[in-house]
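> Now for the letters of each chain:
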Amino acid sequence: MAIVNLQNVTYKYPLTDSPALQNINLQVNEGEFVAIIGPNGAGKSTLCYTLAGFVPHFFKGELTGTVEVAGGESHNSSLSEWVLNVGLAFQNPFNQISGAKYTVFEELAFGLENIGIPRQEMKARVEEAMKLTGISDLADRSPYSLSGGQQQRVALTSILVMQPKVLVLDEPTSQMDPIGTREVFGVIRKMAQRGMTVILAEHKVEWIAQFADRVIALKDGQILLDDIPSEVLTSPILPANGFGISRYTSIARKAQEMGLWNKDRLPITLDQAVEGFFNEGRK
Amino acid sequence: MHDRLSFYYYRDSILHQLNPLTKLVLVFGLMLISFIFPFFWTPHILILVAIIPLIFVGKVKREYLNATIRIILPATMFLFVMQALFQPLGDRELFRIWFLHPTLESTLFAFRNAARVFAIASSFTIFLLTTHPRELMSDLTRRGLPPQIAYVIISTLQILPQMQAKAQTIIAAQRSRGLDTQSSFLKRVGSLVPLVGPLVFGSLVEVEERAIAIEARGFTSTRVKTSLHEIPDTNLDKALRWILIGLVVITIALRIWLS
Amino acid sequence: MDVISQNIVYFIIAIAILVILFAWAYATGRMQKDFSTMTWVLIPVAIAINGVIGYIVGQLKLPVFLDSIGTVLVGALCGPWAGALTGALSNFVIGMLTNPTDWWPWIPVAFFIGLVAGLCANAGFFKSWWKVVVTGFLIALTAATVSTPIAVYFFGGITSSGSSFITAYLLQTGQGILQAVFSTNFLVEPVDKISTAMLAFAIVQGLSRRFVARFPRPENVETEGGASQTQLFVAIGVVVLLILFAIFILSRITGG
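Same order as they appear, the protein sequences are chains A, B and C.
Note that our numbering gives residue 252 to position 252 of the first sequence, counting from 1, and the numbers run on in steps of one.
Note that our numbering gives residue 1159 to position 159 of the second sequence, counting from 1, and the numbers run on in steps of one.
Note that our numbering gives residue 2179 to position 179 of the third sequence, counting from 1, and the numbers run on in steps of one.
It should be emphasised that the hints constitute simulated quantities derived from the structure, not laboratory data.
It should be emphasised that the depicted structure is a prediction, and the values quoted were computed from it without experimental measurement.
Just so you know, not all the hints are guaranteed correct.
Within a straight-line C-alpha distance of at most 16 Å, the following computed EDC-like cross-link-like pairs (lysine to aspartate or glutamate) qualify [unchecked claim]:
| id | chain 1 | residue 1 | chain 2 | residue 2 |
| --- | --- | --- | --- | --- |
| 1 | A | 165 | A | 73 |
| 2 | A | 165 | A | 275 |
| 3 | A | 123 | B | 1230 |
| 4 | A | 60 | C | 2219 |
| 5 | A | 60 | B | 1230 |
| 6 | A | 165 | A | 68 |
| 7 | A | 60 | A | 32 |
| 8 | B | 1061 | B | 1093 |
| 9 | A | 190 | A | 213 |
| 10 | A | 263 | A | 275 |
| 11 | B | 1225 | A | 128 |
| 12 | B | 1225 | A | 73 |
Each pair of labels, with its calculated beta carbon distance range [to be verified]:
| id | chain 1 | residue 1 | chain 2 | residue 2 | range |
| --- | --- | --- | --- | --- | --- |
| 13 | B | 1149 | C | 2208 | 38 to 46 Å |
| 14 | A | 274 | B | 1194 | 34 to 42 Å |
| 15 | A | 206 | C | 2026 | 38 to 46 Å |
| 16 | A | 182 | B | 1149 | 34 to 42 Å |
| 17 | A | 134 | B | 1149 | 32 to 40 Å |
| 18 | C | 2026 | B | 1190 | 43 to 51 Å |
For every residue, glycine included, the Cβ atom is placed at its ideal position computed from N, Cα and C.
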C-alpha cells in the first residue's frame, strides 16, 4: 500500500532557471525504509522538502505533478495539516531548537501544544518518546546546553512525539561527530524496525547498505536508480556520476579488475567483503 | 546593554506562587497610582508601604538590593540631579554656579519624579524576580495573548544572552587592541565591521531553518492550543486583582474630582 | 500640564489617524501579510541585533545609539506593522532587562520607527542608497516628533540623557518647552537614524536574494541598478541637502 506517491513531479525554486527536481516518479510502501543518495546539489533536500510539504507551501516556486503522502495531496492541503502526517528533521541540530522553551521536556511538548493535544496525553507521549530515543535523562536540561548528538536526538524525538505516519530525514548526521552519528542512527533504525516509514537522505552509504530496504540514487534532480541496496550500491553508474560509494565496494571493484574478486556480486557491507575475500581464499 | 538585571530566582514565597497576571496588575496599578494620585508624596509613600514590604514577602532582598545599587539607584539619582538643575520651575533659587541655578520648586519636582521612577523600576524588578517568563507567557496566552507574541518574547529572552556573550568577546578583542577609546572614530568603526558582520549575518541565516523547524511542529496550526503547564489562579489572586483595580479607579476619581 | 492640554488636539488627531491606518491595514489584509513564520522567527533575532549593536556602540563611546537597526530591517523585509511590533517589543524586552528606569515611555517612539521604516519601504524607498537616506531622515523626523511630547509629559522635558543639556540651554533663551525639546531631539536623531537606515540597507545587501525571497516583502529591497559608487555619492549629496534643510527648519522653530 503506497503511502508515498510522487508522479511526474517537477519543481523550480523561485528566482531560478533550472528545475531542482525533474520528472520524479516515486512510490513508497508503508513501513519501507528508503534511502536517498546523491552528490551535493542533486536535489536530496528538495525531495525531502517536497515529501514534507515545505515545497511548495513554504518555498513557493512552481510545482507540477502529483504529490501524495499519507493521504494528503500537496495542492489541496495546507502545511499545518501536512506536518501532522509527515515529520521532518534536518542537518543542523541547533537550528531545530525552537527557542520557545526552557527544558527538553517542554521542547518536546511544544509541537503537541501547538496542535492542541490534551495535557495528560501530551505528558504520556513525551515520556514514551523519550524512552524510545533514550533521552529521558535529558528531560530537565536546557536544549541549548546539549551536545550536537543530543540536540539532534531531541529534534528527532520532538518530531516523533507528533506521531507522523512518515519520517523524512535530511542528512541528520552530517554535522555529528562519530558518537553522535551512532546515537542518531540508532534511533532511526529503531523507528524503522517498529514499522515507521522512513525516508533518509544520507551520504554514509555503509550504514544504508546494512539497514535500508531500498536506495534511490538522485542526480541533477532526476532519479538514476531505484532498487534494493545490493543492486544500487554496486552499480557502476554511481562512481561514473560522482556518487560516494562504500569502501568495501570500491576495494572489491579494484580487486575484481585485478582478478582477485571471484564472486559475481560486489560487497556493500563489511561482512560481505570479508566473506568474499577470505572465505573464497580458504577454498 | 549595560549590566544585566538578575532574573527569576526560585523561592518559596507567596509572591512566587501568585498568578502572573496578578503580579502584572500589581505593577501597573502601582505605576498608575504613583502617577495619578493627586498627592505630592504618593510615590514616596508607595515605596515605603508597598514596595519595601513586597521585597520581604517575595524573599528577594539580596537580588533586589543588587539590582538597586547597580542600576536603579544610579539612574534615578542622575535623573534627579538633571531635573533639579535644569527644570525651569519657580524662582526660589537654591544656589547659582556657572549657568546652573536649581530652584526649590525644581528640586521638589525632581524629587517626586525620581521617586516615581524608582517606585516603578522597583516594582518591575520585583516582578521579574518572582515570575518566570514561561509562567507569564503561558498565563497570558491562556487569557488571549496571541501565541506568536509569546513565542517571540521567550525566544528573544533566550537569544539575547547568547548574542550578548558573543558581543562581549568582540568588546574584549577590541579592548585588547586598544581600539575602544583611544583610536580615532573611523578606526574604531572600521575594525568593528569584520567582527560584528559575522555575528549579525550568522544569526540572520539561522532564521530560515528555524522557521522550517517550528512549522514542522505545527506553529501555524489553526487548532486551539493547549499548554503543558497549568498555572493556578486562586481566589486570593482574583481578590487582589479586584482590590488593585478598585484602588486605581478611586485614584482616578479623586484626581478628576480634585482638579 | 498646560502645554499638554493646549496640544491635546494634535495628540487626539494623531491617535485617530493611527487607529484608522490600523483598521484599514487589518481589513484589507495588508497587515496580516507582514506576519509569516519567517517574520516571527526574524523578530527575536532583530531585537537581539538591536541589543548587541546598541551595546557595542555604547561600550565604545560612539556618539550615536544605533539601537534600531533590527527594527528597520524588519520594517523593510516584512512590512510596517511587523517593524512597529519589533520596535515596541525591543524596547520592552531590552529595556526591562537593562534599564528598568527608562524603557516604558519610549515604546511608542520605537513603534513609530518600525512603522515609518516599513511604510517607506513599501513606498519603494529602500531600494538605493539615497532613498535609504531619505527613509532615515523621515524616521528621524518621526522619532523626534513622537519623543518630544513624551519627554515633556513624563520628564518635564529633561530626560536622563546628555542631550538634556542642550534643552536646558535652549530653555534659557526663552524657548517654549515643546520647541526646545523638539529642537534637541531633532539635532540628535538624524545622524543616528540615517546611519541606522543605511546600516540596515547594507545588511540586506549582504543577504542572498534567495534568502530575502523567503520574507513577506522581498520586493521592498530589490536594488535598482545596483548599489554603485555614483549612488553612494548621490546619497551623500542628499545627506548634505537634508542637513541644510534641517538647519533651516530648526532656525525657524527656535527663531519663531
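> Could you tell me which of the hints above the structure violates, numbers in ascending order?
2, 5, 7, 8, 11, 12, 13, 14, 15
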